[in-house]
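Asker: All chains, please: the whole structure from these sequences, using the hints.
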Amino acid sequence: KDDNIGEIIFDANDVVSSIDRNDGKPETIKLTKKGKLTKTGTVTFVARFVPLDTVVPGESSSKWCLILTILSANELPKADWFGKNDVYIQAYRAPEGFNTLSVKPEN
Numbered sequence: 001k002d003d004n005i006g007e008i009i010f011d012a013n014d015v016v017s018s019i020d021r022n023d024g025k026p027e028t029i030k031l032t033k034k035g036k037l038t039k040t041g042t043v044t045f046v047a048r049f050v051p052l053d054t055v056v057p058g059e060s061s062s063k064w065c066l067i068l069t070i071l072s073a074n075e076l077p078k079a080d081w082f083g084k085n086d087v088y089i090q091a092y093r094a095p096e097g098f099n100t101l102s103v104k105p106e107n
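FYI, the numbering for the sequence shown is 1 to 107, going by the numbering used here.
What the hints contain is simulated information worked out from the structure, not anything from laboratory work.
From the three backbone atoms N, C-alpha and C, an ideal C-beta is built for every residue, glycine too.
Any given hint could be a false lead.
[Stated by the list, open to error] Beta-carbon label-pair distances, calculated as ranges: (1) VAL56 - LEU76: 30 to 36 Å; (2) LEU71 - ILE9: 16 to 22 Å; (3) TRP64 - LEU37: 28 to 34 Å; (4) ALA91 - GLY24: 32 to 38 Å; (5) SER61 - GLN90: 24 to 30 Å; (6) ASP23 - CYS65: 24 to 30 Å; (7) SER62 - ASP23: 32 to 38 Å; (8) SER60 - THR40: 23 to 29 Å; (9) ARG21 - TYR88: 25 to 31 Å.
Answerer: The following block contains the structure:
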């Protein structure tokens with residue numbers, strides 16, 4: 001069984017604003033768990049949009065794809081007996097009408 005040590009939830013519109021605001025620079029967001037900020041843990045990432053046909057050949061070039069590159073995950077809470085985490089990232093598109101939690105970036 002995997003232990004969820006935290007998550008970051010954001011709206012794609014927030015990412016677009018972040019890209020414009022940060023000009024491609026990394027952004028760091030604190031982890032949340034069940035809608036509340038955790039005591040420790042941050043994820044640093046870079047976001048960019050590329051035409052979909054550059055990722056999936058044959059797709060329309062008028063559609064865009066969000067690329068998230070995770071640069072680091074720091075100060076993560078210990079999740080097992082040995083104090084080590086087998087960290088991995090899962091990304092999902094929220095269902096239509098999903099209300100995201102707004103957590104402000106640290107930068």
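Asker: Each hint should be assessed against the structure and marked as holding or not.
Answerer: Against the structure, the hints:
At about 32 Å, the beta-carbon gap between VAL56 and LEU76 stays in the expected band of 30 to 36 Å. Our hint of 16 to 22 Å for LEU71 and ILE9 holds, since their Cβ atoms are close to 19 Å apart. Our hint of 28 to 34 Å for TRP64 and LEU37 holds, since their Cβ atoms are close to 30 Å apart. Between ALA91 and GLY24, the C-beta spacing of about 19 Å breaks the proposed range 32 to 38 Å.
Between SER61 and GLN90 the beta carbons are some 28 Å apart, a value that agrees with the proposed interval 24 to 30 Å. For ASP23 and CYS65, the Cβ-Cβ distance of about 20 Å falls outside the hinted range of 24 to 30 Å, so the restraint is violated. At about 24 Å, the beta-carbon gap between SER62 and ASP23 misses the expected band of 32 to 38 Å. Checking the proposed 23 to 29 Å range against SER60 and THR40 shows it is violated: the Cβ atoms sit about 42 Å from each other.
Remark: the range hint 25 to 31 Å for ARG21 to TYR88 is upheld by a beta-carbon distance near 28 Å.
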